[in-house]
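Each chain is listed here by its residues.
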Amino acid sequence: MANLTLIQAVNDGLRTVMKADDSVVVFGEDVGPKGGVFLATEGLTADFGESRCFDTPLSEDGIIGTAVGMAMNGLRPVAEIQFQDFIFPAFDQIVSEAAKLRYRSGGQYTAPMVIRTPYGGGIRGGLYHSQSGEAYFAHTAGLKVVIPSTPHDAKGLLIASIQDPDPVLFMEPKALYRSVKGEVPEGEYTVDLSTLRTVREGGDVTIYCYGAMVPVVERAAAQAAEQRGIDCLVVDLRTLMPLDEEGVLEAAKQTGRVVVVHEAPRFCGYGAEISALIAEHCIEYMEAPVRRVTGFDTPFPNTLEHHYLPDDRRVLDAIESVYDF
Amino acid sequence: MASALQILAPDGSVVGEPPGLSDEELRGLFVHMLQIRCMDGRMLKLQRAGRIGFVGTATGLEATLVGAAAPLRREDWLWSGLREGGAAVMRGLPLAEYVAQMYCNANDTAKGRQMCNHFQHKGTNYPSWSSVIGTQITHGVGAAFASMRRGEDTVHAIHFGDGATSSNGFHSGLNFAGVWKVPAVFVCTDNGWAISVASSAQTAASSFAAKAPAYGFPGIEVDGNDVLACQSAMSDAIERARRGEGPTMVVLKTYRMLGHSSSDDPTKYRADEEVEAWAKRDPIARYERFLTDRGVISKGERADLEAQLLVEIDAVIHEQEAAPPMALKTLVEDVYAEVPYHLRREYNDFIAVAEKLGHAQPGDGAFPL
Ligand SMILES: Cc1ncc(C[n+]2csc(CCOP(=O)(O)OP(=O)(O)O)c2C)c(N)n1
Ligand SMILES: [Mg+2]
Chain A
1 MANLTLIQAV NDGLRTVMKA DDSVVVFGED VGPKGGVFLA TEGLTADFGE SRCFDTPLSE
61 DGIIGTAVGM AMNGLRPVAE IQFQDFIFPA FDQIVSEAAK LRYRSGGQYT APMVIRTPYG
121 GGIRGGLYHS QSGEAYFAHT AGLKVVIPST PHDAKGLLIA SIQDPDPVLF MEPKALYRSV
181 KGEVPEGEYT VDLSTLRTVR EGGDVTIYCY GAMVPVVERA AAQAAEQRGI DCLVVDLRTL
241 MPLDEEGVLE AAKQTGRVVV VHEAPRFCGY GAEISALIAE HCIEYMEAPV RRVTGFDTPF
301 PNTLEHHYLP DDRRVLDAIE SVYDF
Chain B
326 MASALQILAP DGSVVGEPPG LSDEELRGLF VHMLQIRCMD GRMLKLQRAG RIGFVGTATG
386 LEATLVGAAA PLRREDWLWS GLREGGAAVM RGLPLAEYVA QMYCNANDTA KGRQMCNHFQ
446 HKGTNYPSWS SVIGTQITHG VGAAFASMRR GEDTVHAIHF GDGATSSNGF HSGLNFAGVW
506 KVPAVFVCTD NGWAISVASS AQTAASSFAA KAPAYGFPGI EVDGNDVLAC QSAMSDAIER
566 ARRGEGPTMV VLKTYRMLGH SSSDDPTKYR ADEEVEAWAK RDPIARYERF LTDRGVISKG
626 ERADLEAQLL VEIDAVIHEQ EAAPPMALKT LVEDVYAEVP YHLRREYNDF IAVAEKLGHA
686 QPGDGAFPL
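Protein chains in written order, with our numbering: chain A, 1 to 325; chain B, 326 to 694.
Treat the hints as calculated values from the structure; they're not laboratory data.
Keep in mind the model is a prediction, meaning the values are calculated, not measured.
Take these hints with a grain of salt, some might be off.
So the derived list for chain B, only partly shown, Cβ under 7 Å to chain A, looks like this [unchecked claim]:
#1 Cys429
#2 Pro452
#3 Ser456
#4 Asn493
#5 His496
Interface residues of chain A toward chain B, partial, derived using beta-carbon atoms under 7 Å [to be verified]:
#6 Asp55
#7 Leu58
#8 Asn302
#9 Thr303
#10 Glu305
In this text, a Cβ means the ideal position worked out from N, Cα and C, and glycines have one as well.
Turn these sequences into a full structure, and let the hints steer you where they fit.
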């Protein structure tokens, strides 16, 4: 066991698979000698050589399109998109190509590849270095969407994603890169892609969250317990697609009061899916309307980002409102 | 760089045909170059002091900005990337707006919505870039098409970096521009690096300029540390576009002397010797020697000019430090022409909590629903 930050755990995960599997290649903008703008790939070129970890020309479309071809022909590409905000030039390759290849070829061709990308706010990056675009991708059949919130899960989910037979979008909460630390097992292990994690047990209110919102929700849950004696069940979804539906419904039934938290905009956001699942499958257990705490339905601001991002106060307000309903 | 157009050698001696500019105009170019260097220095200081978030400097690139923008008319458009703010100031962006943008404060014309180094100035047709590399290239081409359609003689200077030549926007932009023969000049500032990726790793073509003929128009390479060469090449390309003869790509070969931004440590990926070699080609020192030899400025005048510029910049910084807080309603304004019902409701829910916590100012109150 080593005590690592989330970004160190990502680096450790990449090293672990690169050692074990020669077909794994890591590439993107600035991932080589610089080690990535956040240093997720630090040292990989030095340790594995330029044929295993390398810089590309500045084209996300090129990065993802070539990754698809590599994956179709025996390599295991792990492509980095420097900020999730810059993934859109590659949207076509992800949505039309990588995600649909297995289906359109009747299973003859596949694209087992991982796209790693930092997402989310909290670094004063303005509109284009802060977005949370998970809903665009979770909506895309054929693609898996994974978001870790702890160093342990970052490594285990990353290895599982690279070993997965289908394309995986691996979104890394950049706000947590260096702000969370935790025990990470040495060597290879995986975390199953489709199991949620229970962060905190409680019988009064269920809160669903993922990524950078997990610590925010944990703080709000602690305050709810302290100030009001409300026991929250906190669920980290970890894999948005495929979703652990059974686990989600089970958690809702346990309390009958639900809050969903994400920093992405609300309209057609991931919280809408969770709310709809609960409405469809266990409305009879519900004691209060579902509350969503999310970013505004606006582009991501810059100077006012601390007001845009859900914080513990806004989450606590929602916990109290469903509890008191 | 033997093939690149050069008028001043690195030692300031004249090796080409200087453009026909008056002494006053020649001096003006120098002051603008100094202003860019001075602003970069001050902004870096503010960033280190935690007053502003981020700086992408133009240190070492002063000749490209000033030389390229000098031949533009006020109604011409300049499509910018990260580092063209100094050219905006030269063309009329008030210094106060420049600094307010760096503070992303309530005086910023973009209402603090963009991160630092995203300047705009409607009065001189200078939109800000988004942040997404290469997207302004096609915008510039479309806008040039619009100017052409209306029969105006407006020209569009479309700036981007060496890294951006790999973007989809570069290909589509140059392709459309060639097919439509629009009044545009593509200004590729090859500063050696796209963050940590060397410009030699962006393409296997012999040069960026070599790409232009494949799109059906000329490309030329210019010594980007020679302000007169930049001015002269741009002037020709702009006038060609104005005459309706179509686009040109002008590649300004220069060097990004500092990190990609205040968040970057360039020593991790490039050799000190390379930086030192380019320091000897400094565009300001070169031009200073030329101007001194010609008697346009006197020996030692540079220091006086810099001192004056810094006084002016510092006064503006002082002013911007006192900007009022950002109105919270800007969170939901300008998303659409009108603030729609759902955003008014989201804002009202938010402001109810903010008011409870004492975070709201007078005027931040709820929208009528
Ligand atoms: C589409 C996109 N991908 C990646 C980035 C991250 N990024 C910001 S600047 C930059 C390098 C740009 O290099 P260049 O075009 O040479 O301009 P320079 O910074 O040298 O002026 C990169 C990769 C981005 N902003 N947009
Ligand atoms: Mg560059």
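Checked hints:
1. Using the Cβ-Cβ criterion of 7 Å, the hint placing Cys429 of chain B at the interface with chain A is satisfied: the shortest such distance is roughly 5 Å.
2. Taken as an interface hint, Pro452 of chain B does not check out: its beta carbon lies about 14 Å from the nearest beta carbon of chain A, beyond 7 Å.
3. For the restraint placing Ser456 of chain B at the interface with chain A, the shortest Cβ-Cβ distance is roughly 4 Å, inside the 7 Å limit, so the hint holds.
4. With its C-beta approaching chain A no nearer than about 6 Å, Asn493 of chain B sits inside the 7 Å limit, and its interface hint holds.
5. Because the smallest distance between the Cβ of His496 of chain B and any Cβ of chain A comes to about 9 Å, over 7 Å, the interface hint for this residue is violated.
6. Taking 7 Å as the C-beta contact cut-off toward chain B, the hint placing Asp55 of chain A at the interface holds, the least distance being around 5 Å.
7. Against a cut-off of 7 Å between C-beta atoms, the interface hint on Leu58 of chain A holds, since the closest Cβ of chain B lies about 4 Å away.
8. Using the Cβ-Cβ criterion of 7 Å, the hint placing Asn302 of chain A at the interface with chain B is satisfied: the shortest such distance is roughly 5 Å.
9. Of the supplied interface hints, the one on Thr303 of chain A holds, with its beta-carbon coming within about 3 Å of a beta-carbon of chain B, less than 7 Å.
10. For the restraint placing Glu305 of chain A at the interface with chain B, the shortest Cβ-Cβ distance is roughly 10 Å, beyond the 7 Å limit, so the hint is violated.
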